[in-house]
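Peer 1: So you can see what is in the structure, the chains are spelled out below.
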Amino acid sequence: MPTEPIPFARRAAAAPSPVKDVHIIWLTAGLSCDGDSVSITNAEQPSIEDVLLGAIPGLPKVHLHNPVLAYEVGDEFMKYFYQAERGEIDPFVLVVEGSIPNEDIKDEGYWAAQGTDPNTGQPIKTTEWIDRLAPKALAVVGAGTCATYGGIHAMAGNPTGCMGLADYLGWEWRSKAGLPIVNVPGCPVQPDNFMETLLYLLFQVAGLAPIIPLDAQLRPTWLFGKTVHEGCDRAAYYEQDDFGIEYGTPKCLVKVGCWGPVVNCNVTKRGWMRGIGGCPNVGGICIGCTMPGFPDMFMPFMDEPSGARFSTAALTLYGKMIRALRAITNNTVNGEPEWRRRGRQLITGYHPRPGAYSMRPTRKAA
Amino acid sequence: MGTITEPLSETSGKKRNLVEMSWDPITRIVGSLGIFTKIDFENKQVAECYSTSSIFRGYSIFMKGKDPRDAHFITSRICGICGDNHATCACYAQNMAFGVKPPPLGEWIINLGEAAEYMFDHNIFQDNLVGVDFCEQMVKETNPGLWEKAQKKKAPNSSKHGFRTIADIMTALNPFTGSFYRETLEVSRLTREMFCLMEGRHVHPSTLYPGGVGTVATVQLFTDYLVRLMKYVEFMKRCVPLHDDLFDFWYEALPGYERVGQRRVLLGCWGAFNNPAVCDYRYESMSDWGRGMFVTPGIVVDGQLVTNDLVDINLGMRILLGSSYYDDWQNEQTFVKTDALGNAIDKRHPWNQTTTPRPQKRDFNGNYTWVMSPRWFDKRTGDYLPLDTGGGPIARLWSTALSGLVDIGYIKATGNSVVINLPKSATLPETSFEWKIPQWSNAIERDRARTYFQAYAAAAALFFCEKAMEELMAGRSKTWAPFKVPDDAISCGFHEAVRGVLSHHVVIRDGKIANYHPYPPTCWNANPRDVYGTPGPYEDAVQNTPLFEENGPENFKGIDIMRTVRSFDPCLPCGVHMYLGPGKVLQTRHSPMFGMMPNKGDR
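First to last, the protein sequences are chains A and B.
The working numbering numbers the first residue of the first sequence as 1 and each following residue consecutively.
The working numbering numbers the first residue of the second sequence as 1 and each following residue consecutively.
Pulled out of the complex, with its shape left as it was, chain A reads as follows (with noise of 0.2 Å):
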């Protein structure tokens, strides 16, 4: 028997977790928004505060250093990177937001910082940062499209050079622990989408989950690997040749810019938050905001997508067809069974015993 107490409840299956504290140093000094710290704030499979306040088993204790969610300021904040880069807190997740500018195509100044470095009194570059803790990290994680592909601040003609961080620390590379980046793209990204990655790893810090799953993209499989069409509840307008030519209708919007059929991801399946809201599903064209060829691919917006308008039109005929054929079937199953009305008489093929109630229809008193 363990002599440490099983920190929950439930007797666990597993040992305990042999990690008892685990710091997430979150970066968002990437050329980014924000928008995926403030996206996160809005989860709740898990929610921050179920994970910060342990509301869920198995867990390490979890200390979140997210700027735009931190008590401290200036310094007292930075503390906890310069402890993580002196190998002092020890193991800690590193998520960084926003993409990576290239700082070596000018000769002085910096395009993204964070903190102030005391020798120089010149801002510290982001990309600094990543190579002071992306060496001592446990795992490197990707927060939102900057971070994993570039997005659209990397889009053509834009004065920064800046990619994903795979496309700076190198497709192949490993953390100490031996894993790969861990993508989850989306612009931003879909909050459960990730704070589901982020209790996945640390589940596997706690010794609770294997590996996680990646794809060639290194995005959690089980997150990315259908297309936004697959889970679209207007694909059904689509296989009947059923074509939106406006915004503001139900029908699928393939023809006014979607991209859907071609994008991995599962927010028309999961919605925004709690099952409401997404893209194509609620008349918003999908854009492909988390593909590693947004935006660029998928502009003009607006308009259909080139290979659309091929598939589309293999499918004309078989649509139509299907499309009429359903009306009428739709039309017969919209009436009732004859047998539902009023009267004196039972037409619904029911066969009581004889005596059992009459069935003869009485006479009306003259």
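Any given hint could be a false lead.
What the hints assert, rightly or not - Listed next, the stretches of chain B that the computed footprint assigns to chain A, with coverage defined by at least 3 CB atoms under 8 Å from CB atoms of chain A:
id : region
1  : 70-84
2  : 327-339
3  : 358-364
4  : 468-480
Stated by the list, open to error - Simulated restraints, written as ranges between beta carbons of each label pair:
id : chain 1 : residue 1 : chain 2 : residue 2 : range
5  : A       : G121      : B       : P255      : 36 to 42 Å
6  : B       : D224      : A       : T348      : 36 to 42 Å
7  : B       : D224      : A       : A327      : 26 to 32 Å
8  : B       : W440      : A       : D50       : 38 to 44 Å
9  : B       : A426      : A       : D117      : 50 to 56 Å
10 : B       : P553      : A       : D296      : 47 to 53 Å
11 : A       : S306      : B       : L341      : 37 to 43 Å
12 : B       : K154      : A       : D215      : 57 to 63 Å
13 : B       : P429      : A       : G54       : 37 to 43 Å
14 : A       : P57       : B       : K424      : 39 to 45 Å
15 : B       : S285      : A       : A327      : 44 to 50 Å
To be verified - Here are some, though not all, of the chain A residues that point toward chain B, as calculated from beta-carbon distances under 8 Å:
id : residue
16 : D36
17 : T41
18 : E72
19 : E108
20 : A112
21 : G115
22 : D241
23 : F243
24 : T249
25 : W272
26 : Y350
27 : P354
No lab work stands behind these hints: they were computed from the structure.
For clarity, every value in this text was computed on a predicted model and none was experimentally measured.
Virtual Cβ for every residue (Gly too), placed ideally from N, Cα, C.
Dock chain B against the given chain A, drawing on the hints supplied.
Peer 2: Below, chain B without anything else, positioned relative to chain A:
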């Protein structure tokens, strides 16, 4: 001529020991901000302040040559907490450029979405980010004497919000463990559900388009919104009295606190919630439909309304350099010489701005930030006014109150106040609040106005919900109108981001974006000293702020500075950082020299 809003001078002839203190990053805001100060601990005062932003992304640059219809999708990504305000503002500008007027129902849906954004964003900022500066844990660390008083002080509105003493309110604001902190976090989700019903997703909406929205208008949509809204209305009836108690206590317990973060009244509001009955998105009629907005635009100087005309507001905008890392554009091309009404457009107007970044070392005697200095040119005096937004609500309420135009049953602007009427909710009766124009533009009043504006947004949403249902019941269910993109156009959008004025200026040539300049509120608030040496609003508000913190330099938290800066609701994915340095004695100087900024115009 330039304007120094508040002289940075000191009492003449006296020597001061100044300690350099800085906070980088400022946390519990969105974005990256650093605040660098020089503090006079003997006289308990901030002598000098610089605000710096440490991120550059380059929207104005990479939007060039893009399809104008993409503008709202792209610019939403400027901000991670009020991205939808950008998307909405961009759509307003697109509507003007494309000559399209959305169906009224589309407009009401946008208004409902934006109202939900105000309800959410002010709520989470007020009680999960700013509120921590007023919580038990913080107050015990910075002002133990105040905590003593708070424990003895019975809350005057106790029967309305349920907390017995002011100390009980402070405890409820403790991060994560406090009951009110957790409740507001939960309310922030409820309001984001309302937002998602109308605009699809938070914070970058999916259903907004030029010409209207893709949201499918059904009875269910508005029912789902309304039942959530009424829960928020009930919450507001506790929330407003709670904040009144908290803020009144600060004045009472710390006499002189009104000077913390105080600045000359220089407020700007660009108006919010278009009225489809009058708004046709034509520049030529913008003065009229601007005044028809359900939050009235206006510029308020020293308590007086200078103008509520969006054309005047537009014409006066100037973008100055001085301390930021950009090249000047005086010799670049002029995109717009006159507006559609024939008014001359200045070279320093956003329509004519060319953005060329020049990364360089940070130098507080030279260039020290990525934020430029927007000013409003007051033709009466020739001043370049460093307007602020006070974090949004104080300017919106002040401007709306003075104009006296809004009168929708749930809200009435009286000329010197704004009355907000909330209907009966599940357990609480009909309730009215009145926001009265305060004596000062300071940290406490900025925070107080935020709470009142949350109630304002809820009241406005009740009205919008009724109007939307009217449209739907009358069978007018279209939410979007088609348009064509012209080859050439100039246009602008004006809106209120959660934390204040927001404008998007666009020039279209050959069917592509030729120039695009968004001006969000934090650029107005967090900017550095301009070419005339006029400090930006944060710098101005922090400078000469008295300090009430009981700690000395060794464990100084700068709480009064934090309350000042956060009262503006900083949101700097366009920029502020604060760090508390070890505190070294900088210099002892003769005063008349000190505080005078080198005149950058001479360099």
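Peer 1: Evaluate each hint against the coordinates.
Peer 2: Hint check results:
1. 70-84: holds (count 9)
2. 327-339: violated (count 0)
3. 358-364: holds (count 5)
4. 468-480: holds (count 3)
5. A:G121 / B:P255: 36 to 42 Å: Since the Cβ atoms of G121 of chain A and P255 of chain B sit about 38 Å apart, the hinted range of 36 to 42 Å holds.
6. B:D224 / A:T348: 36 to 42 Å: holds, 40 Å
7. B:D224 / A:A327: 26 to 32 Å: For D224 of chain B and A327 of chain A the Cβ distance comes to about 30 Å; the hint holds.
8. B:W440 / A:D50: 38 to 44 Å: holds, 41 Å
9. B:A426 / A:D117: 50 to 56 Å: holds, 55 Å
10. B:P553 / A:D296: 47 to 53 Å: holds, 51 Å
11. A:S306 / B:L341: 37 to 43 Å: holds, 42 Å
12. B:K154 / A:D215: 57 to 63 Å: holds, 60 Å
13. B:P429 / A:G54: 37 to 43 Å: holds, 40 Å
14. A:P57 / B:K424: 39 to 45 Å: holds, 43 Å
15. B:S285 / A:A327: 44 to 50 Å: holds, 47 Å
16. D36: holds, 7 Å
17. T41: holds, 7 Å
18. E72: holds, 7 Å
19. E108: Since the shortest Cβ distance to chain B is 5 Å, the answer is holds.
20. A112: holds, 5 Å
21. G115: holds, 6 Å
22. D241: violated, 20 Å
23. F243: Violated, about 14 Å.
24. T249: For T249 of chain A, the interface hint holds, since the closest Cβ of chain B sits about 7 Å away, which is under 8 Å.
25. W272: Holds, about 4 Å.
26. Y350: Status violated, d = 39 Å.
27. P354: violated, 52 Å
When the structure is compared with the earlier hints, violations turn up for hints 2, 22, 23, 26 and 27 and for no others.
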